[in-house]
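Chain order of the listed sequences is A and B.
The numbering of the first sequence is our numbering, which starts it at 1 and goes up by one.
The numbering of the second sequence is our numbering, which starts it at 346 and goes up by one.
Be aware that a few hints might be false.
Simulated crosslink set (DSBU-like; lysine-lysine; CA at most 30 Å straight-line) [as the list claims (entries may be wrong)]:
#1 A:K38 - A:K6
#2 A:K298 - A:K144
#3 A:K278 - B:K444
#4 B:K534 - A:K278
#5 A:K308 - A:K289
#6 A:K332 - A:K298
These are computed hints drawn from the structure, not numbers from a lab.
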Amino acid sequence: MTTLLKVEDLSKTFTLRSGLFGEIMSLEALSDINLTVKAGETLAIVGESGCGKTTLGRCIVRALEPTEGRVTYTPEPGRDVELSALKKRELKPWRRDIRMIFQDPMSSLNPYMRVFDLVAEPLRIHKAARGAELERRVVSTLEKVGIPRDALQRFPHAFSGGQRQRIGIARALVLDPKLVIADEAVSALDVSIQAQILNLLEDLKADFGLTYIFISHDLGVVNYLADRVVVMYLGHIVETAPTEALFERPRHPYTEVLLEALPIADPTRRSRRHEAVKGEIPFLGNRPKGCPFHTRCKFAEDRCRTEKPALRPINGGETHAACHFAETLDLKGAYGPAPATGTYA
Amino acid sequence: MTPLTPMDANETLLRMENVNIVFSSPDEADIEAVRQVDFTLTRGKTLALVGESGCGKSVTARAILRLLDKNARIDHGRILFSADGGEPTDIAALGSDSKAMRSIRGNRISMIFQEPMSSLSPVHTIGDQIDEMIMLHDDVEQKSARERTVELLDQVGIPGPRQRADSYPFQLSGGLRQRAMIAMALACKPDLLIADEPTTALDVTTQAQILDLLRALQAEYGMAMLFITHDLGVVAEIADEVAVMYLGDVVEQGNVFDVFRAPQHPYTRALMSSIPRMTRRAQRERLNPIQGNVPSPRNRPEGCAFTTRCPHAFAPCSSVHPGRTPAGEGHWARCHLLTHEDAPRVEGILQPGVPAIEGDRA
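Go ahead and model the full structure; you've got the sequences and the hints to work with.
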C-alpha cells in the first residue's frame, strides 16, 4: 500500500500563564510523533483523556499549529505536499481532501442552518459546485448517509443524535475527500445507533475508497474497525501495530493495561482481570522523566526511570513499541483462547 | 470501620411491584415513562438496569429515592423496602419529603451519579460535605464525624485522606471525585446503593478501578446494589442479575450468565448484536444494528414497546402487551414469541412446540 500521509517528529507545546503576572508554564501535549497512514487503511489512534490523540488529529489538519515537525500528504504517487510548511491560503485546496468528523454532532452543526445548507456549505466555501450541480451533490450525499430527501429543509434540532452524526458525516464527504479524520465519532451515541454509524462508515469507506484516521478511546470499536492501531500515553506513541497483533499480544505494558481494563460483554470472561492498574495519569506539566509510563508500570526498573525508551521495531516485524523490555515481557492480550470459542447468541 | 454483620445472602431487601411512573404536563396528555416494572433487590447482590437513553432506567432509580421531578408521579404499584427484616415499608406511599422518607434517603438507600462535579457542592470541601452527611443522620459531633470521614476516604482509596478532606471538588481528578462521592454515599452504611452510570464519564483504566472498588465495598458491607448503565461490557463485569429496559418496559430479566448466554427477548438479542465482539479477524461479523430509532414515549405502541423495530413482530405484538414468561430459573422475558403456538420460529428463542435446549428451561 502506498503512503498517504506521513507525520515526522511532530511536537506540540501549549503555553499557559497562571494569573496576570503568573509564571508561564509550557505543556508538551505531543512529543516526537512519527507515523504513516497508508492509502485505504483505517488507522486507529487510541488512548485515555489527555493523551494527545485529539491534538494530533488537529495538528494534522492544522486546526492547531504544530510546534515542530512535518506533516506530508501524498495525493498521488510521486507528489508530496508538506502541509505543515504551507501558508493558510495555500492549504485551502488540500482541506478538500482531508476532512474531519467530530464527536458531538450537536455542537458541530450550526443550529441556525438548515440541513441542505449545512451540507452545501463546504461546497460553497471551496467553490466546488453551484446551482443544480450543487443541489445534486448535496442530495446524493445525504442519501448515501441515510438522510431522507424530505428532511432537507429541517434544522439540526429536529434530528436525533444518530441522524445528526449522519449529517456531520455528509458534510465531510460532500467534497469527495481522500482522508477522513473521525474524532470519537461514535462515542456519544447509544449502542444500537453506534452500530448503525459504524456500518455506515465501513460502507462509505468501500464506496468512496476512503482512508480513515479513527480517534477513539473505545478498544472494542477499534478492534472491529481498524487495520492498524497507534496507542498513545501522555503525548507519546507507546506502541503501534496491526490490530490483530496488538490485541493478541501487546508489546507495551500500557497497552496491556488498557486491554485488561476494557469491559468485555461476556460474563464468563470476568475472571481474566487480576487487578486494575494503580494510580492516575500524571499531569502533563510534570511528566515523569524516563519512560512516561514508569510511575504506573508494574515492570518498571531503574533504567525506566532515567532513560526514555525510543519507539522501535520489535523482532523486525510491523509492531513498534517504546519499551526497554518489549521483546521479553509476556503480556496478555484481549482475545479469548485461540481459536476463539464461547461466542454466545 | 466495622463491617455490618453478615446477612443472609438470599434476603430480599427491596421489591418493586408493578410500578408505573407518569409524567404530566398542563397542556398535553400524560406520558407513561415507565410501566409495570417489577424487580427484586437482594442483599450483597447487584442488579444491573441496562438500556439506551430514554428507556426509563434513571427515572426508575429516582423513584426508589422519591427524587422524581414535580411533574412526575408514581401512578400505581408498590416499592416495598425492608431494611431491618421487619414489616416492609411501601416507599411509593410515603410523602417524598416526609420524615420517614428522609430517614431512608441517604441513610438506608443512597445514590451515586455519573458526574460527581455536578452533584458535589463546588464551594465546600469534600470533608465538610461528608461530615454534614454523617451529622445529619447520626447525631455526632463534627470532630468524630471528621474521623469517620477520613476513615471513609481512606477506604475508598483516596491517598492522604486527612489532607484530601480539605480539598474542594475541583481540585480532584474525575476518578478521585467519584471516589469521594462513593465515600459520601457509604457514610451511613446504606442497605442499598444506587449507582447511576457511575463510570460512564471516566477513562477505561479509572473505570476498572471504580468497578473493583464497588465490588470490594459490596463484599465488605453486604449492601445491595442497583447499577444503572448503558454498557453491556460493564454489566458483564459487575452484575449478578440484569434487567433490560426498553421504552419504559423491563423486557427481560435474569441471571447475568443466562441472559448473556441465551437472551430471549428480541431487543436484548439486538443490543448484543450491536456491540463489536472482542474477536480475531477471522471470527469478525458485521454488526447487526436495530433499524430505526427509539419512538418517543408518546408514540409507544399499545402492545409490546419494541414492535415497531422488532424483526420478528407478528399479529398480537402491536396490540397486546406481553406478560412475563419464564425462560429458565429466575429468567423471564416479555415477548409473544415465547407463548404463541403460531409465532414465527426464531432460532435461539424458547418457543412452544420447539424442543428446549438442554438445561435452558427449568
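For each hint, the structure was consulted:
Restraint check for K38 (chain A) and K6 (chain A): the C-alpha separation of about 9 Å stays at or below 30 Å, so the hint holds. Between the alpha carbons of K298 (chain A) and K144 (chain A) the distance comes to roughly 49 Å, so the proposed pair goes past 30 Å and is violated. Straight-line distance between C-alpha atoms of K278 (chain A) and K444 (chain B) comes to about 42 Å, which puts the hinted pair past the 30 Å bound. Our distance criterion of 30 Å between C-alpha atoms is met by K534 (chain B) and K278 (chain A), whose separation comes to about 26 Å.
With a CA separation close to 7 Å, the supplied pair K308 (chain A) and K289 (chain A) stays within the 30 Å bound. Our distance criterion of 30 Å between C-alpha atoms is met by K332 (chain A) and K298 (chain A), whose separation comes to about 14 Å.
Going down the numbered hints, you'll see the structure goes against 2, 3, while the others check out.
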